[in-house]
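Could you build all of it, start to finish, from the sequences and the hints given here?
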Amino acid sequence: MQLINALEVQRRIDQLKDQDIYLHLEMTTGAYASHNDSSKHPAATFISNASIQYSQGSISGVGPFRVGLKMERGWVYSEGLTHYEETEPERLIMAGHDSAGKLVVALQLSREPF
Amino acid sequence: MTAEKGESGMNKRILVVLPHPDDECFGLSGTLAKMIREGAEVTYACLTLGEMARTMGIPPFANRVTLPQVRKLELEASCRIIGIQDLRLLGFHDKTIEFEERELLDGSIGAILQELKPDIVFTFYPGYSVHPDHDATGAAVVRVIGGLPEKDRPVVYCMAFARDHQLAIGMPDTQFDVGDYLKQKIGSIQAHRSQFQVPGLDDKKPSREVRERFGTERFWTYRFE
Chain A
4 MQLINALEVQ RRIDQLKDQD IYLHLEMTTG AYASHNDSSK HPAATFISNA
54 SIQYSQGSIS GVGPFRVGLK MERGWVYSEG LTHYEETEPE RLIMAGHDSA
104 GKLVVALQLS REPF
Chain B
404 MTAEKGESGM NKRILVVLPH PDDECFGLSG TLAKMIREGA EVTYACLTLG
454 EMARTMGIPP FANRVTLPQV RKLELEASCR IIGIQDLRLL GFHDKTIEFE
504 ERELLDGSIG AILQELKPDI VFTFYPGYSV HPDHDATGAA VVRVIGGLPE
554 KDRPVVYCMA FARDHQLAIG MPDTQFDVGD YLKQKIGSIQ AHRSQFQVPG
604 LDDKKPSREV RERFGTERFW TYRFE
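Protein sequences appear in the order of chains A and B. One gets the working numbering by counting positions in the first sequence from 1 and adding 3 to each. One gets the working numbering by counting positions in the second sequence from 1 and adding 403 to each.
Hint data in this document are derived by calculation from the structure and do not stem from the laboratory. All C-beta atoms, glycine included, are put in the ideal place defined by N, C-alpha and C. Check each hint, because a few of them may be wrong.
Residues on chain B that point at chain A, a partial pick, calculated with CB under 7 Å [said to hold, decoys possible]:
| no. | residue |
| --- | --- |
| 1 | Thr446 |
| 2 | Arg457 |
| 3 | Thr458 |
| 4 | Ile461 |
| 5 | Pro462 |
| 6 | Pro463 |
| 7 | Arg467 |
| 8 | Val468 |
| 9 | Leu493 |
| 10 | Val533 |
| 11 | His534 |
Dropping the structure here:
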């Protein structure tokens, strides 16, 4: 994974719009958050291979970045994205890693299921 | 500590049922290496590939898409280092064990039990093992084994590490001195390099701190009521 290049990510978001795509969206504090520190509230959520279509999408901010995808009846929103996979031209793999390198948030789009 | 010494692995058939690659390394790898040296045959049924872990290497070298394959290779390396003869990947999805169809989950564990008829099963203590996948895996194992006639039940040794678990389940009743198998244990931990980087671990010459921290593995024998 590389640090996000917003122009390149925007180009890929545009390439995937107006078609049926698969979405993986995730956010997590880790399963051991409260075991390691009882003041922490453990939370995680993911949806994998949801079928969506968006008519407009953009990346915003100066890093960490936000992405919003406008669907016919709703939105996909993600904040805290720091990295993307440059070497995957067909798919858009993005994630937000914290200062320890651990994944906090992920947003992935693909024409094929993950 | 009043723990009895665990039984030896002499000619034993052992089944390990755990949900994630790396669940074996800190609490069990030394015991398995010791029992294998004593002649045991070990099958490790790993339910998932730990594909939802949030650690992607330290610093990250994997991503959400490549992580399952990375962790599969790490698990295979860990098994080779420990000496495990038979690794089964059951193909369930990380974080979903407690939500999985019970017939499918119990059926796949039951089929392996029926095939192998193990003397000893290692798993997590249901309810006292922190991660929901750990608890759900242990619960499935004791549910399936509890359904067998008493004479056909293997001994079930459980790992537990929830906060204050000893208030509920007491002290571990079985322990193994794995001081002679730290090379395998440290090798197993280091094999899972996407997940752990433990400072000061050296499999050539383990320090006294490492010997004290890793030299004994403790288990609770599950009591079927």
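Verification of the supplied hints:
Interface restraint check: Thr446 (chain B) against chain A, minimum CB-CB distance 26 Å, threshold 7 Å, status violated. Among the interface hints, the one on Arg457 (chain B) holds; its C-beta lies about 4 Å from the nearest C-beta in chain A, closer than the 7 Å criterion. Given the 7 Å rule on beta carbons, the hint for Thr458 (chain B) holds: about 6 Å separates it from the nearest Cβ of chain A. Restraint check, Ile461 (chain B) versus chain A: the minimum CB separation of about 6 Å is within 7 Å; hint holds.
Taking 7 Å as the C-beta cut-off, the interface hint given for Pro462 (chain B) holds, the closest approach to chain A being about 5 Å. Below 7 Å, beta-carbon pairs count as interface contacts, and Pro463 (chain B) has one with chain A at about 5 Å; its hint therefore holds. For Arg467 (chain B), the interface hint holds, the least distance from its beta-carbon to any beta-carbon of chain A being 5 Å, beneath 7 Å. About 6 Å separates the beta-carbon of Val468 (chain B) from the nearest beta-carbon of chain A, less than 7 Å, and the hint is met.
Residue-level restraint check for Leu493 (chain B) is violated (minimum Cβ-Cβ distance to chain A is 19 Å; threshold 7 Å). At its closest, the beta carbon of Val533 (chain B) sits 5 Å from a beta carbon of chain A; the interface hint therefore holds under the 7 Å criterion. Restraint check, His534 (chain B) versus chain A: the minimum CB separation of about 5 Å is within 7 Å; hint holds.
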